[in-house]
Amino acid sequence: MSSTVRGSVAAGFESVRAEFAAVADAEGGDYAAQLAAYHHGERVVDLWTGPEIAEDSLIGVFSSTKGAAHLVVALLVQDGVLDLDETVHHYWPEFGAEGKQAITLRELLTHRAGVIGADAGFSPEELADDRIIAERLAGQRPYWRPGIGFGYHALVIGALTGEVVRRVTGRTIQQWHEDRVRAPYDLDFYLGLPEAHESRFLTTQPMAPTAEQQVLLDEGFTGPDSLTGIAFSRHHPDAVELEELPNLRVIRALGPASVGGVASARGLAGFYAAAISTVDGKAPLLKPDTAAAVAQVHSIGYDMVLRQHNAFGLGFEALGDKYPVLGQGVFGHSGAAGSEALADPRSGIAYGYNRRRYAFPGGPAPENVRLIEAVHTAATSIG
Amino acid sequence: MSSTVRGSVAAGFESVRAEFAAVADAEGGDYAAQLAAYHHGERVVDLWTGPEIAEDSLIGVFSSTKGAAHLVVALLVQDGVLDLDETVHHYWPEFGAEGKQAITLRELLTHRAGVIGADAGFSPEELADDRIIAERLAGQRPYWRPGIGFGYHALVIGALTGEVVRRVTGRTIQQWHEDRVRAPYDLDFYLGLPEAHESRFLTTQPMAPTAEQQVLLDEGFTGPDSLTGIAFSRHHPDAVELEELPNLRVIRALGPASVGGVASARGLAGFYAAAISTVDGKAPLLKPDTAAAVAQVHSIGYDMVLRQHNAFGLGFEALGDKYPVLGQGVFGHSGAAGSEALADPRSGIAYGYNRRRYAFPGGPAPENVRLIEAVHTAATSIG
Amino acid sequence: MSSTVRGSVAAGFESVRAEFAAVADAEGGDYAAQLAAYHHGERVVDLWTGPEIAEDSLIGVFSSTKGAAHLVVALLVQDGVLDLDETVHHYWPEFGAEGKQAITLRELLTHRAGVIGADAGFSPEELADDRIIAERLAGQRPYWRPGIGFGYHALVIGALTGEVVRRVTGRTIQQWHEDRVRAPYDLDFYLGLPEAHESRFLTTQPMAPTAEQQVLLDEGFTGPDSLTGIAFSRHHPDAVELEELPNLRVIRALGPASVGGVASARGLAGFYAAAISTVDGKAPLLKPDTAAAVAQVHSIGYDMVLRQHNAFGLGFEALGDKYPVLGQGVFGHSGAAGSEALADPRSGIAYGYNRRRYAFPGGPAPENVRLIEAVHTAATSIG
Chain A
1 MSSTVRGSVA AGFESVRAEF AAVADAEGGD YAAQLAAYHH GERVVDLWTG PEIAEDSLIG
61 VFSSTKGAAH LVVALLVQDG VLDLDETVHH YWPEFGAEGK QAITLRELLT HRAGVIGADA
121 GFSPEELADD RIIAERLAGQ RPYWRPGIGF GYHALVIGAL TGEVVRRVTG RTIQQWHEDR
181 VRAPYDLDFY LGLPEAHESR FLTTQPMAPT AEQQVLLDEG FTGPDSLTGI AFSRHHPDAV
241 ELEELPNLRV IRALGPASVG GVASARGLAG FYAAAISTVD GKAPLLKPDT AAAVAQVHSI
301 GYDMVLRQHN AFGLGFEALG DKYPVLGQGV FGHSGAAGSE ALADPRSGIA YGYNRRRYAF
361 PGGPAPENVR LIEAVHTAAT SIG
Chain B
1 MSSTVRGSVA AGFESVRAEF AAVADAEGGD YAAQLAAYHH GERVVDLWTG PEIAEDSLIG
61 VFSSTKGAAH LVVALLVQDG VLDLDETVHH YWPEFGAEGK QAITLRELLT HRAGVIGADA
121 GFSPEELADD RIIAERLAGQ RPYWRPGIGF GYHALVIGAL TGEVVRRVTG RTIQQWHEDR
181 VRAPYDLDFY LGLPEAHESR FLTTQPMAPT AEQQVLLDEG FTGPDSLTGI AFSRHHPDAV
241 ELEELPNLRV IRALGPASVG GVASARGLAG FYAAAISTVD GKAPLLKPDT AAAVAQVHSI
301 GYDMVLRQHN AFGLGFEALG DKYPVLGQGV FGHSGAAGSE ALADPRSGIA YGYNRRRYAF
361 PGGPAPENVR LIEAVHTAAT SIG
Chain C
1 MSSTVRGSVA AGFESVRAEF AAVADAEGGD YAAQLAAYHH GERVVDLWTG PEIAEDSLIG
61 VFSSTKGAAH LVVALLVQDG VLDLDETVHH YWPEFGAEGK QAITLRELLT HRAGVIGADA
121 GFSPEELADD RIIAERLAGQ RPYWRPGIGF GYHALVIGAL TGEVVRRVTG RTIQQWHEDR
181 VRAPYDLDFY LGLPEAHESR FLTTQPMAPT AEQQVLLDEG FTGPDSLTGI AFSRHHPDAV
241 ELEELPNLRV IRALGPASVG GVASARGLAG FYAAAISTVD GKAPLLKPDT AAAVAQVHSI
301 GYDMVLRQHN AFGLGFEALG DKYPVLGQGV FGHSGAAGSE ALADPRSGIA YGYNRRRYAF
361 PGGPAPENVR LIEAVHTAAT SIG
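Chains as they are written, first to last, in the working numbering: chain A, 1 to 383; chain B, 1 to 383; chain C, 1 to 383.
The shape of chain A in the complex, shown without the other chains (with noise of 0.2 Å):
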């Protein structure tokens, strides 16, 4: 019996439609997603499945927040008003304790700052204010060498990004967002949801693993006070599972930059394609030179967070590492539970994948890899 997809594409991308129905026959159950690409800036595939979800169900988007973050940061350098090469002490002058003062801001957006977390953790609250996490970050010692390595600052490198955007230009990442990129296309991607479009939202559902993934999530226990829980604040007292942050209110309504995001996945995918791609008649948001500076390898390698390999840009993933059926230049960033959203610069493809449910093992769902195989192929079918 297969699954019923709503939604619609452009000719050519039938085959993708054909794929999401076998994504979510495989998946069964209650799987609620969404998918969307553009292709050039047109949207051709605009599709959504499963129960309680429409197609503009707004879902958290976790990780994926940080591609709004850094595009406003992008967007910055490429004006002129903010320099990669420069100190965050210079920007922030309270950054430079405990053996911060050379780190740069472009070793900052690479996840090899080492201020990953703070030695007393921060509740769910505090993880909504910005403002909060980067004034107790301020103070912190790093937590590996600086300029040793690198490892993923998950929970922190927006309200870090962001310190330095508001210091500079008096506005925070989540007023640019708004001002420069969601309004003017009218995107569901918002870090802040105003209460208006509270009814919108679906609540991410918890991680509902096999007895053999809960066997390998076992194995991968690493401690609340390792490396990785302290990325991830599992040493607070009042620590929650990750996958409750946006179920919170106060997650939504102030939407940190780092994992605080709502969306669609037309949100997701439409705002790639305005960062690269002419959309409604605008220019793209980002120049080529630009785009290819963000999506340029700048950590690759052993993840110390994460404790696997990895690879970032400058604030964005590094993804034609992890979809080698695309290549180098593509940037964006996924999600905890699941969601993906990137631009490919070259085929002129901006995807964006929402699911409701948080996926096995976290992060990317691992159907992306099919979903975007079946929109690059048709897409470079098209030419």
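Derived from the structure by calculation, the hints contain no laboratory data.
Being a predicted model, the structure only gives us computed values, none of them experimental.
Hints are supplied without guarantee of correctness; some may be wrong.
Only part of the chain B face toward chain C is listed, based on derived beta-carbon distances under 7 Å [what the hints assert, rightly or not]:
hint	residue
1	Gly-147
2	Ile-148
3	Val-168
4	Asp-225
Every beta carbon over 12 Å from chain C, so not counted as near; a handful from chain B, in silico [to be verified]:
hint	residue
5	Thr-4
6	Asp-25
7	Glu-55
8	Val-81
9	Tyr-91
10	Pro-124
11	Arg-171
12	Ala-208
13	Thr-222
14	Ser-226
15	Gly-229
16	Glu-244
17	Met-304
18	Arg-307
The beta-carbon is built from N, C-alpha and C at its ideal position, and this holds for glycine as well.
On the provided structure of chain A, position chains B and C as indicated by the hints.
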């Protein structure tokens, strides 16, 4: 039939005794080992098991020796006598030969210098004498380009850092350890075992691998002139098995700072307790900032000598990466026969483990994982 | 039924002949290969087997070519003509574009520059001409941030280092190789095969993977625009299979310094013998210090292009990491069809191996491990 575990545990640590007994049952045969732990400066675990072994037996601790050597360095840094970011060449001019001028003390302590051995190797007698090692290595070309990565300086790091100590202070690491650490606390952890204590020494017994384990050992074979071979001086014509080193009186007598230490588990645990806790009314040897600094991850990823993943702080192993039930901030050093010794400033644990028979596959014995978890669980339950 | 191995071995190397025969039996079919080795400047192994192949047959050696290219660079460094720590930009001003000003010759030689290919790719004809490659890459943005790691510059490194050689000396790597190395020793190792020798050339035969091997190849698939695809120029519209390159006369005729060389095993082994040993009364081309310098490990760990562990010295592979039966100090270069060629200054071995059919999975053929071990065992038994 349950093994006989002797000794005592404090209230709340009964489960550690049970876990140690379970290890002894699993090991069987002539397994002989000691286990000790402190909690906030009080000894809470004091156990031993097996034939011949007593609570005060002394066993070669191989690389756990490096912990003693580098506590001395940490204390001299804390006192402002040594500067981690000064070049070794500054303190020890002869070391500047062959492209080593720019190597800092910090890089040396973090196994990045590439001076892992000498082209001519060292005889066992030469390995006993840190002065001979240092003199020969001063003119050695690094085996990798300094700055490109790290590899375990297994048999020589203590001679190199020791020569810096000697040049600056006029005294050896062994003298500093004796006067500032061992004697004041009356620790059974000797870098240079006095004749008077010889009667308590137990020789290290050779590894007794199963057939399956032997296959794995053979698969991991590296030639005597490989980086691994050179680091363990296997290319010297008079090379002996590593496990023989502490069985040579000349090694025990001089106590070379990389591998020549002899200790009981009580001595190992007491040593780390003294480092981070008030013991017998004496203030912790290390200030919290110093403890955090030596534990900060400095080298992580592929170890060129061990040909596997590894993680180092400043002269100590960054053991949070190996025991993720613990967390960041843990520092210590394992030894080739299976010993492990560490301090966890967060939980106030100091841990020491010693076994007489060389464990497969070499390095910290696998049973440390469960023993450490048992100690940690008990200690954090007490709070 | 034993394969027929032709040729001769010196006394003490009979076991190498037996090992080569065992390889031939295991390979079966139309296996055709050559094996040669020198010991302290004397040829001690001179064998070949299989249909059509003769002792002086010439085969495309793909990346083993890089050994010839970078012996030229090593000689020019030894002569004080080139400075490894000078920027490429200094020697070749146009190279400074797109953030490449600070890249040194040393970084270029150790696959750290990130200039692994061109956005537009190269046609096979363009790959034949190092001048075209160099000209196009001068303005190329690096595919990773220079300094963050390394990746194999498979098809272009010799054009880049060659342009430095040409700018400084007015002569190409090919000319230097011919005049200073190939002709004086009458080596069958050509960077640019004269028409007169064409009759001895054997085309490379395509890989013939088993079904199981094909599955592994498919699993390792990377898109043409991935870093891997770009490094092998698979994204160019006229791209051919890598194995076809030496079968094109234009490649053989010009002998591009990355992959265009043609040689016999005698030529390969003789080349490395000349590098480190007295051959025919001529002093070794490299002084011991230079040999040690080119073999020193410079890049090790995750190779961004090959997506696996790798190790490089200065323009050569640091083969002690791949053949731990050998040791540090070994330098050489394998080729995609299965060739291997190296020098081991410690044991005085020079080794060359060539096979006609492209080996699974590409790169040095697995049989090199046992053949190298056989040569090493025989040589070190003799002393």
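*What hints, given by number in increasing order, does this structure fail?*
1, 3, 13, 14, 15, 17, 18
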